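Protein chains: 2
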Amino acid sequence: MTRIAFDQMMDTVKKAFVLAGLPEAKADVCAQVHTESSRDGIYSHGLNRVERFIDYISKGWVDVNAEPTLVNNFGSFEIYNGNLGPGILNARFAMNRATEIAENNGLGMVSLNNTTHWMRGGSYGWQAADKGYIAICWTNTESCMPAWGAKTIGIGNNPFVMAVPRKNGHLVLDMAMSQYSYGKLQVTRLKNEKLPFPGGFDKDGNLTDIPGPIEETMRILPTGYWKGSGFAILLDVISTLLSNGLATCSIDKAGKGSCGSCNQVFIAIDPLKINSQEFIDNVLESTVQQLKSSVPATENGKIYYPGEQSLLTRKTNLELGISVDDGVWERVKQLAGH
Amino acid sequence: MTRIAFDQMMDTVKKAFVLAGLPEAKADVCAQVHTESSRDGIYSHGLNRVERFIDYISKGWVDVNAEPTLVNNFGSFEIYNGNLGPGILNARFAMNRATEIAENNGLGMVSLNNTTHWMRGGSYGWQAADKGYIAICWTNTESCMPAWGAKTIGIGNNPFVMAVPRKNGHLVLDMAMSQYSYGKLQVTRLKNEKLPFPGGFDKDGNLTDIPGPIEETMRILPTGYWKGSGFAILLDVISTLLSNGLATCSIDKAGKGSCGSCNQVFIAIDPLKINSQEFIDNVLESTVQQLKSSVPATENGKIYYPGEQSLLTRKTNLELGISVDDGVWERVKQLAGH
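Just so you know, the protein sequences line up as chains H and Y, in that order. Residues in the first sequence are numbered from 1 upward in steps of one, following our numbering. Residues in the second sequence are numbered from 1 upward in steps of one, following our numbering.
Derived from the structure by calculation, the hints contain no laboratory data. Any given hint might turn out to be false.
Okay, derived cross-link-like pairs now, PhoX-like style, lysine-lysine, Cα gap no bigger than 20 Å in a straight line [stated by the list, open to error]:
id	chain 1	residue 1	chain 2	residue 2
1	H	K292	Y	K151
2	Y	K315	Y	K302
3	H	K253	Y	K292
4	H	K203	Y	K302
5	H	K292	H	K302
6	H	K151	Y	K333
7	H	K59	H	K203
8	H	K151	H	K191
9	H	K256	H	K59
10	H	K26	H	K167
11	Y	K256	Y	K59
12	Y	K203	H	K302
13	Y	K15	Y	K333
14	H	K151	Y	K273
15	H	K15	H	K26
16	H	K302	Y	K151
17	H	K273	H	K253
18	Y	K26	Y	K253
19	Y	K253	H	K292
20	Y	K131	Y	K273
Note that the structure is predicted; figures quoted are calculated from it, not measured.
Work the whole structure out from these sequences, hints included.
Below is the structure:
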């Protein structure tokens, strides 16, 4: 395993994006977000996604020059058309806009239709929290999972994000509606390992923790069985009706994955409009304290608050360099003209 | 099993609430909501909770005369103090107020601090959907579940609700952050049955589908393992900071369960401000159609949209009478002075 310094990775990714046709300022932001995802240990949506994003551009699925345009305005709630621009830029714009609205009104909501894959959903939670805002956001996706009770895919894994700013490390939840991603199945299979818990059904309809048979059936397990299935359906329908966008069943028809015009919702709230800083600090520290004072389930086990492990990985990766898969790194360097 | 007509059950519950001290108009609404929960098959939070609610009143934990009062107003976002009034009445008020705000602004958000147990969370999703609004709401609770990685309880099961109005049956998700409720564990144990899937850990730390050993350890499983644990923590912290209320770790100190001053968030959106009725119908029907056209996992299996099974139970219970546990029904009749 090789480790690459943050700046070196970001420069290389930026060069690759510029060569792929992104204007320099846009390439800069996209490279930063991809590199930050790898820095935080979300390798699947960081460096590992660079090649695929460039492939989307070359297919014409992502318009590198498009900017979001305002469609409708209801005071604290604005709707934008993403015009199939880069998903990262559209999502960052929308979350930032939600915080701007919240700056005046306490609450801001922005929905975005006709956008493309936003990569790591957590990025936008961290973005808002870094600016001092509570955030809730989610995206719909193409179908990649069977609904509960079905054996053929029909719903998205629709990642859902919640974030709360905290001085000693934000609380950030970034969860897809499938128990494991296809990326996790692949990585586990390549290591010849089992999943920590059953992750889907094999061809005989039995729950299994062996990744290969699940990848074959595409019967990945919704988070919490019927619960994650229902949650995925509601997230899809609500973001679609909040953005006047395309639902999963319509995205599927385009055959372009999440680049076939997905939609997203971004909610931001200013906690300081409602509470004193002292009250906020007290709620967060006493909650973290309650978690940390629980008795661990295993000897020497640790209990983490949501987001803590990303922050620990970030510290290590900034100190030692970001872990990369050598093959992936070589291909990105080639795409950057090295 | 006995079946009781809706009106008979509601009249009896209302009499019990009036005898417990609730003013008649309030008793009427509370009786309706409890009876509707049983009607929809959510027996645990319907008739079965009447005795416990009356116990809360007799202990002085619920103020039968309290009304919510406005604490703060940010345009589309209002904060109320529930003044420890009946949780059902406070929650109905707050969700209705969110829809009133949304009527003008497209979006309305109301948070509620210092309230008591709202019984069935789904009630407020159905309430908003019946009025034509999309709804998102949740509550925090006292600790009843270990955080992921812990073996002692430290987080709530914090039910989360999403609802979308639909002509042929609303889409409603009503999910707690534990895979199973303690009520489900108890019912399953009394029947000498196993849970459909593992529901928690036994005293040796092994996942089990036998309810008794889980009730003993209180190590109920979060929905989706670490995911439901993280989601529960974020729901608690966000509703607390949106309402300036008490977090789970503070509710715990009162030792009154959710009646120890919990807090809630209610979001309502008017889909007709954003979309035509034709567009809405098309999104919902094509989504339901995609679910229904999936291949069932088992022979003759059915795939339900979220909320469909509640609606089917409702139809049966309205036709044949609502199923009751005979012992529970006798005790409620006694509380009603029969």
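* Asked: Is K151 of chain H close enough to K273 of chain Y, meaning Cα to Cα at most 20 Å?
  -> At roughly 37 Å apart (the allowed maximum being 20 Å), K273 of chain Y and K151 of chain H break the hint.
* For the pair we were handed, K256 of chain Y and K59 of chain Y, check the Cα-Cα distance against 20 Å. => Cα-Cα ~10 Å, so holds.
* Do the alpha carbons of K292 of chain H and K302 of chain H lie within 20 Å of each other, as the hint requires? -> holds (8 Å)
* **Restraint status (C-alpha distance of K26 of chain Y to K253 of chain Y at most 20 Å)** => Distance of about 29 Å is beyond 20 Å: violated.
* Asked: Going straight from one Cα to the other, do K256 of chain H and K59 of chain H come out at no more than 20 Å?
  -> Judged against 20 Å, a Cα distance of about 10 Å means the pair holds.
* Asked: Regarding the pair K253 of chain Y and K292 of chain H, is the alpha-carbon distance no greater than 20 Å?
  -> holds (17 Å)
* Is K15 of chain Y within 20 Å of K333 of chain Y, Cα to Cα? -> Status holds; Cα separation ~9 Å.
* Mind checking the alpha carbons of K302 of chain H and K151 of chain Y for me, to see if they're no more than 20 Å apart? => holds (11 Å)
* For the pair supplied as a hint, K315 of chain Y and K302 of chain Y, is the alpha-carbon distance within the 20 Å limit? -> Given that 20 Å is the threshold and the Cα spacing comes to 18 Å, the pair holds.
* Holds or violated: are the alpha carbons of K131 of chain Y and K273 of chain Y at most 20 Å from each other? -> holds (14 Å)
* Asked: K203 of chain Y and K302 of chain H: Cα distance at most 20 Å?
  -> Answer holds: K203 of chain Y to K302 of chain H is near 19 Å, not above 20 Å.
* For the pair supplied as a hint, K59 of chain H and K203 of chain H, confirm whether the alpha-carbon distance does not exceed 20 Å. => violated (34 Å)
In summary, the structure is inconsistent with hints 6, 7, 8, 10, 14, 17 and 18 from the numbered list given earlier, while agreeing with the others.
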